[in-house]
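Colleague: One letter stands for each residue in the lines below.
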Amino acid sequence: MTETAAPACSVDLSRVTKRFGSGPAVLDELDFAARAGDFVAIIGPSGCGKSTLLRLLAGLSPLTAGTLHIDGQPPGVDSPELAYVFQEPTLLAWLKVAANVELPLSLRGVPAAQRRSIVARCLRQVRLEERAEAFPRQLSGGQQMRVSLARALVLQPRLLLLDEPFGALDEMTRNHLNEELLDLREQQGWTAFFVTHSVAEAVFLANRVIVMSAHPGRIAHEVKIDLPYPRVRATREDPAFQRLVAAVTHHLHSVEGDAR
Amino acid sequence: MSRRRIPVIPAVIAGIAFIGLWYGVREVISPSRVFMLPPPHAVLQAFAVHADELLLASRNTAIGALLGFALAVLVSGSMALLLSVSNLIRSALYPYLMMMQMMPVIVIAPVLVLWVGAGLPSVTIITFLICFFPLVVNTTQGLISTDRKLVELFHLYRATKWQEIVRLRVPAALPYFFTGLRIAGTLAPIGAIVGDFSAGSSGGHGGGLGFLTLIYGAQFKMAALFATVLSGCMLGFVFVATVSGLSWLSLHQWHDAYDKSDH
Amino acid sequence: MARRLRQIGSLILGSGLLLGTACQKKPAPDGPPATGLTPVQLQLDWFPEPAHGGFFQAAERGFYAAAGLEVEILPGGPGGRPTQKVASGQVPFSMGRSDDMMLAAAQELPVLIVAALMQHDPQALVLHAENPVNTFADLDGQSVMAYPGAAWIPYLQKRYGIAFDLQPMSFGLARFIADPGLIQACFVIDEPFRLREAGVAVKTLLLADAGYDPYRVMVAHRPFAEAHPEIVRAFVAASIRGWIDYVEGDPAPAHRRIALENDHMTPAQMAFSHAELKQRHFVAGRPPGPSRYGQLDPARLREHADLLHQLGVLPEPLPLEAYADLTFLPPEAPRGESSLEILE
Chain A
1 MTETAAPACS VDLSRVTKRF GSGPAVLDEL DFAARAGDFV AIIGPSGCGK STLLRLLAGL
61 SPLTAGTLHI DGQPPGVDSP ELAYVFQEPT LLAWLKVAAN VELPLSLRGV PAAQRRSIVA
121 RCLRQVRLEE RAEAFPRQLS GGQQMRVSLA RALVLQPRLL LLDEPFGALD EMTRNHLNEE
181 LLDLREQQGW TAFFVTHSVA EAVFLANRVI VMSAHPGRIA HEVKIDLPYP RVRATREDPA
241 FQRLVAAVTH HLHSVEGDAR
Chain B
261 MSRRRIPVIP AVIAGIAFIG LWYGVREVIS PSRVFMLPPP HAVLQAFAVH ADELLLASRN
321 TAIGALLGFA LAVLVSGSMA LLLSVSNLIR SALYPYLMMM QMMPVIVIAP VLVLWVGAGL
381 PSVTIITFLI CFFPLVVNTT QGLISTDRKL VELFHLYRAT KWQEIVRLRV PAALPYFFTG
441 LRIAGTLAPI GAIVGDFSAG SSGGHGGGLG FLTLIYGAQF KMAALFATVL SGCMLGFVFV
501 ATVSGLSWLS LHQWHDAYDK SDH
Chain C
524 MARRLRQIGS LILGSGLLLG TACQKKPAPD GPPATGLTPV QLQLDWFPEP AHGGFFQAAE
584 RGFYAAAGLE VEILPGGPGG RPTQKVASGQ VPFSMGRSDD MMLAAAQELP VLIVAALMQH
644 DPQALVLHAE NPVNTFADLD GQSVMAYPGA AWIPYLQKRY GIAFDLQPMS FGLARFIADP
704 GLIQACFVID EPFRLREAGV AVKTLLLADA GYDPYRVMVA HRPFAEAHPE IVRAFVAASI
764 RGWIDYVEGD PAPAHRRIAL ENDHMTPAQM AFSHAELKQR HFVAGRPPGP SRYGQLDPAR
824 LREHADLLHQ LGVLPEPLPL EAYADLTFLP PEAPRGESSL EILE
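Protein chains in written order, with our numbering: chain A, 1 to 260; chain B, 261 to 523; chain C, 524 to 867.
Just so you know, not all the hints are guaranteed correct.
[To be verified] In silico lysine to any residue, SDA-like type, Cα no more than 20 Å apart, as pairs:
id	chain 1	residue 1	chain 2	residue 2
1	A	K96	A	A113
2	A	K96	B	V426
3	C	K681	B	G466
4	B	K421	B	I443
5	B	K421	B	T439
6	B	K409	A	Q114
7	B	K421	B	L410
8	B	K409	A	G142
9	B	K421	B	S338
10	B	K421	B	V411
11	B	K409	A	A58
12	C	K726	C	D829
13	A	K96	B	S338
14	B	K409	B	H515
15	C	K726	C	L696
16	C	K681	C	H797
17	A	K224	B	S338
18	A	K96	B	L434
19	A	K224	B	T406
20	A	K96	B	Y518
21	C	K726	C	H751
22	A	K96	A	F135
23	B	K409	A	A99
24	B	K409	A	G141
25	A	K96	B	G466
26	A	K96	B	Y283
27	B	K421	A	A113
28	B	K421	A	L107
29	C	K726	C	K681
30	B	K421	A	G141
31	C	K726	C	Q802
32	B	K421	A	Q114
33	B	K409	A	E81
34	A	K96	A	Q114
Calculated directly from the structure, the hints in this document are not laboratory data.
With the hints as constraints, model all of the structure from the sequences given.
Modeller: The structure is reproduced here in C-alpha cells:
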C-alpha cells in the first residue's frame, strides 16, 4: 500500500543459552539467523523454551550465554522498534479501543493530531474502526486480539514477536486473523517470530518453521515453507500445503517422541 | 443499557414484618422491661419532637465523618504509592500500620483531646484513624497486583516509571481502592459517632450524634435514643450510597464487577 | 472520678444487651432460706467506696440481719447501669440521684424513690487551684467535662445566664492532671483527695452551693415495692440505721469491708471521704435543722420536679407519686433527739 514501511530487520542468534538461576538450561546453544522479512514460526512441545526465546528477543529477559544481534546490534534502547503480542489481549480495561491502540504513541509523546491519524489507520487495518469508542470488555475475544494487533502496529515495528496470540480463539476466528495478519505483513513488512501450537497455523503463516525439542530447548528441525505469498483461504486446500503440514507434524511427533 | 432493577416489594414486606415483630416483642416482654423497647410510633414521634437537634447533630457528625474520611483518602493514597514502590518500605512500615489499626479509640481519645482539643479536630482524627487502614491496605494491594504482562508491555514501550504509575498502576488499582473506600465509607460515620462519644464537645455548632446519645441516655429517653441510632444509620447509608455511586461512575463502563453480560 | 452519671453511656451500650437477657433474676424472695433471712440485692452505682458506707455498715453490724434481710451488695462500675437494673427488675434496690430518678420515671421506667441516702449531693466541679474561674458565673465561655444531659447543666446556664461547652467524661484523672485549664465534674468527697495526692492543687465548686440540690436516694423496683412493702420498709429502716452508725459512729466495719472489695481504696482516702461526708453534712442534712437521716421532704421533691420542668428537662409536670413513695420511711426523729438513740 502507500504506507512507508520501515525496513524489516535481521536477527542473529549465536550459541544462545538461557537458564533460570542454577537450574537446567531452558535454551541450549541456539544458533539461528533470520533474514529481514522472514516470518518464522516456532513450534514444539511445552517446555521447549519457545516463549523464553521470544522474551530474550524482546529484551524482557537477559541471555545467560551467547550473543543475540538485531540488525547487527545487541538488543538495547536504540535497537529497532519491536512489538510484542501476548497470548492474552493485555488491553487496559479502563481505556476505550482507540485509546488502547493509541497508548504506545502517547507514551512516546507523539503529537495528538498525528496519533489520531495513525490510530484511525491501524483500526481500519484490523477492521475495527466501528468499535473505536467501545471498552475492551464489550468486544469478543477475536476483536480484542485485533485491538492488541493494532496496538502492536502503531509504532511501525520492524520486528514483531507473537506469543501464541490466537491460541485461545476458535478455529474460524483464528483462520480469519491469520489471513489478516498476512495482509498486514504485505502492507507493512516486518520480520516476525510467531510461537504457536498449531502446525496448520505455522505452515500457513511462515516461510520458515522451526521445530524445537524440549529439555533442553534446542532447534531440532527447520522446515522451509516455499508456498508463495500472498496466501489466501484457498491455500489451505493446496496439496503442497497439506504435504508441508504433514512434514512438520512428522518432525513434531519425532521430537515429542524424544521427549518421552 | 438496561437499568438495573432493585426489587422493592420483598424489602417492603420484610420492613413491615420487622415492624410487626417489633410491636410483637413489646407484647411478650415483661411489663417492667417494656421501657427498653419504645414502640416504632414513639420513635417516629421522637424524630418529630427532636428534629432540630437530630438534624444539627447529624450535620455535625457528617462534617466530622467527611473531613476524617477525606483526610484518610488523601493520606492513604500517598502512603499506598510510597508502599507500592518498594518491598523494603512495605516491610518496614506495614507492622506499624497494623498497630495503628489495633489502637483502641477509647484509649487514644483522651490523648487526642489533649493534643488537638475536643470536638471537631478530635472527631476528625478519630474518623481518619478508623478509615485509614482499609484504604491503605486495599489501595496498596491494588497498586502492587497490576497484571505482570501489562507491566512488561509498558517496559517494552519504554514507558517511564512515572508513566507506569500514572497510566497503569493507578487506574488498575481503582477497583481495589473502591473496595477500601466502601469499607471506609461504612466506618466513617461510626468513627465520627464514637469520636463524638469520647472526644466530642458541645462547643462550636454543638455536638454530633454521639453527644446526643449521651444526653438522651442521661435522660432515659429511649425513643429519642432509637431515633438517634436511626439517624446514624441513615447517615451511614448516605455515605455508603455516595461511595457506591462514585465507584459505579468510575468503574461501571469497564470493570467486570458491573458487567451486565450484554456484549 | 466523677461517676454518678457514668451509667449513662453504658445505658446506651448496654440496653440492647439487656433486652436480650431472657432470664431475669427474680426480685421476689423465693421463700425464706436456711438462715430464715429474706435475700435481696442492692445495686451500687460505683465501685465500693465511702459514699456507700452506710450500706456496708448496716451489713457488717448486722442491722440487715436484725431486720430479717440478707442483703447482697452488688458493686457497680463504668458499666453498672444501676437504674436500668432496678427498672428492669434484675435487682429490687439500687441508688442514685433524685433528679435522675425523676427523669427515669418520666420516661416510664418503673423506679421508685423510697428513702434519702444523702440530704445533699456531693457532686461538684473540680478545677486547678490557679484556674481564674472562682465562681459559677465565671464558667461563662469555659469548657467543662461532665456528663452531657445532666440537669444541673441547663440549671447553671439559666440561673447565671452563662454558656459553657461540654465535653463527655473520660475515664481517669490523667487528662485533668495534664490540662491545667480543664474543669471537670467530680465527687467532692473523692477526686480532690486523689488529685492532691498526685500533687495537683485543686479547688472545687459544689453544685449544691449553686442552689441545685437534689437528694441522693435509695431506689426500689416499683412492682417489687408494691408487692413487698414490708421488705422495702425493713430495708429502708436498716439502711438508715447503717448510715447513722457509719457517719456518727465508728466507720471501721464499713471501711474494712470496702477495702476488701475495692483494692484502690486506701485508709487515707476513706478517712478523707468519711470526714467530708460528716463535716459537710451531706448525709444528715445541713444545720441548723435536725439530722434528717433518710428522710425525704415532699415539698422539696416537688420543688425540684417543678424546677426540672421549668428547665425543659422534664417535658411534662411530674407528680410526686410518679417517682417517689414516702410511706416506707420510718417516723422522723423528734427535734433535738439524737438520731442514734432513736434507732438503737
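Colleague: Give a verdict on every hint.
Modeller: Against the structure, the hints come out as follows:
no.	hint	verdict
1	A:K96 - A:A113	holds (18 Å)
2	A:K96 - B:V426	holds (17 Å)
3	C:K681 - B:G466	holds (18 Å)
4	B:K421 - B:I443	violated (30 Å)
5	B:K421 - B:T439	violated (26 Å)
6	B:K409 - A:Q114	violated (27 Å)
7	B:K421 - B:L410	holds (13 Å)
8	B:K409 - A:G142	holds (19 Å)
9	B:K421 - B:S338	holds (16 Å)
10	B:K421 - B:V411	holds (10 Å)
11	B:K409 - A:A58	holds (13 Å)
12	C:K726 - C:D829	violated (31 Å)
13	A:K96 - B:S338	violated (27 Å)
14	B:K409 - B:H515	holds (18 Å)
15	C:K726 - C:L696	holds (15 Å)
16	C:K681 - C:H797	violated (33 Å)
17	A:K224 - B:S338	violated (57 Å)
18	A:K96 - B:L434	holds (16 Å)
19	A:K224 - B:T406	violated (41 Å)
20	A:K96 - B:Y518	holds (16 Å)
21	C:K726 - C:H751	violated (45 Å)
22	A:K96 - A:F135	holds (4 Å)
23	B:K409 - A:A99	holds (18 Å)
24	B:K409 - A:G141	holds (17 Å)
25	A:K96 - B:G466	violated (49 Å)
26	A:K96 - B:Y283	violated (55 Å)
27	B:K421 - A:A113	violated (25 Å)
28	B:K421 - A:L107	holds (11 Å)
29	C:K726 - C:K681	violated (23 Å)
30	B:K421 - A:G141	violated (30 Å)
31	C:K726 - C:Q802	holds (17 Å)
32	B:K421 - A:Q114	violated (25 Å)
33	B:K409 - A:E81	holds (19 Å)
34	A:K96 - A:Q114	holds (18 Å)
Going through the hint list in order, the structure does not satisfy hints 4, 5, 6, 12, 13, 16, 17, 19, 21, 25, 26, 27, 29, 30, 32.
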